[in-house]
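**Student:** Chains as they are written, first to last, in the working numbering: chain A, 1 to 140; chain B, 1 to 140; chain C, 1 to 140.
Note that these hints are calculated values from the structure, not bench results. Any given hint might turn out to be false.
No copy is singled out in the list; a pair is fine if it fits within one copy or between any two copies.
[Stated by the list, open to error] Taking lysine to any residue and the SDA-like style, the derived pairs with C-alpha atoms no more than 25 Å apart in a straight line are: (1) K131 <-> E36; (2) K11 <-> G115; (3) K11 <-> F114; (4) K128 <-> W117; (5) K131 <-> G115.
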Amino acid sequence: MKSHTTYLTFKVAERMDFLNITPQVEKAVRESGVSEGLCLVNAMHITASVFINDDEPGLHQDYRKWLEWLAPFDPSPERYRHNRTGEDNGDAHHKRQVMGREVVVAVTDGRLDFGPWEQIFYGEFDGKRPKRVLIKIIGE
Amino acid sequence: MKSHTTYLTFKVAERMDFLNITPQVEKAVRESGVSEGLCLVNAMHITASVFINDDEPGLHQDYRKWLEWLAPFDPSPERYRHNRTGEDNGDAHHKRQVMGREVVVAVTDGRLDFGPWEQIFYGEFDGKRPKRVLIKIIGE
Amino acid sequence: MKSHTTYLTFKVAERMDFLNITPQVEKAVRESGVSEGLCLVNAMHITASVFINDDEPGLHQDYRKWLEWLAPFDPSPERYRHNRTGEDNGDAHHKRQVMGREVVVAVTDGRLDFGPWEQIFYGEFDGKRPKRVLIKIIGE
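The shape of chain A in the complex, shown without the other chains:
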């Protein structure tokens, strides 16, 4: 069994944004030398997501609006008790649960085994500081 581990670091300028990280994951798969296996990609921070969807700017704007409805940004400790700790990111811990922490992707013939529109995104909900993503590939 082979295994390969890589870490990416992102500092997103906005509070909330989505980055297409598919090229970096494809690069890690090539470097792993794995032909058949599984590839895990996860946010290492709990106010961020890794998810798979469409690389379409209108959709990403829809997601931002929808997530803001589901869990509005509100630094006060009234809406989010979490913000009594001095943090202002209670909303981000909720948004991340909707969009998910991780994806697991099949590696087949040495490549990410994707449907026609699948792309991997890093979802940031509490940006403006460096945060990490883990990529781990195991297989043969």
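Given chain A's structure and the hints, the job is docking chains B and C onto it.
**Tutor:** Quick look at chains B and C alone, frame taken from chain A:
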């Protein structure tokens, strides 16, 4: 290490529906010859889900109503900017995030290692056309 | 390839609560003898979750309030058709979809490869009876 990859294709008659695909996944596990390992099952399209829950028609009706509240079908480009692309499925991209893209199931003694009520479902949110599901099993 | 499977059982006193199960998962990783691989942790019941987030009591209180807004407890069969079956836990099947069934965590150098604040939680949404969690580690 053994690996086994299968693709399923579904053309769902309704816009939104749930199909129990547990028998097909069990068949793939038997064909894999894997006794101890992991089984990934994921939607290959970004307006569909694979998830694990109960095979109970009332619950599935509840899910449909709930998802419609969370992200109503609306082909206009006012609610979903994504629909400015000419698509009418902005809602489906949201519903899929709530229900998830994939499940990873343990394979133990050559079988899906399930609790008493766990069943695997394909969740379609933009049906009426053929769409694919990937099954990948790795282990020994 | 090595593999290791463990089952945990929890009987949560409240209807809804979150338990930090990171120590139990770390123990299973040590027992597995796996140095590089993947660790799956999933709820075996369909009214419970396993998820990764912050071990902060205020946040957990926020989650409880938010999940109650998203899918209120209501034993009547009017809101949830699922409750026509004689169950009263329709809400729990919805809450579990928001928080997720499982996590997959990288094992690197024999340890859970975690960011600074990642902790694994069992999320119970229909407690007061024994329910199981599965841990499966594969790798080398």
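**Student:** Output the numbers, in ascending order, of every earlier hint that fails for this structure.
**Tutor:** none
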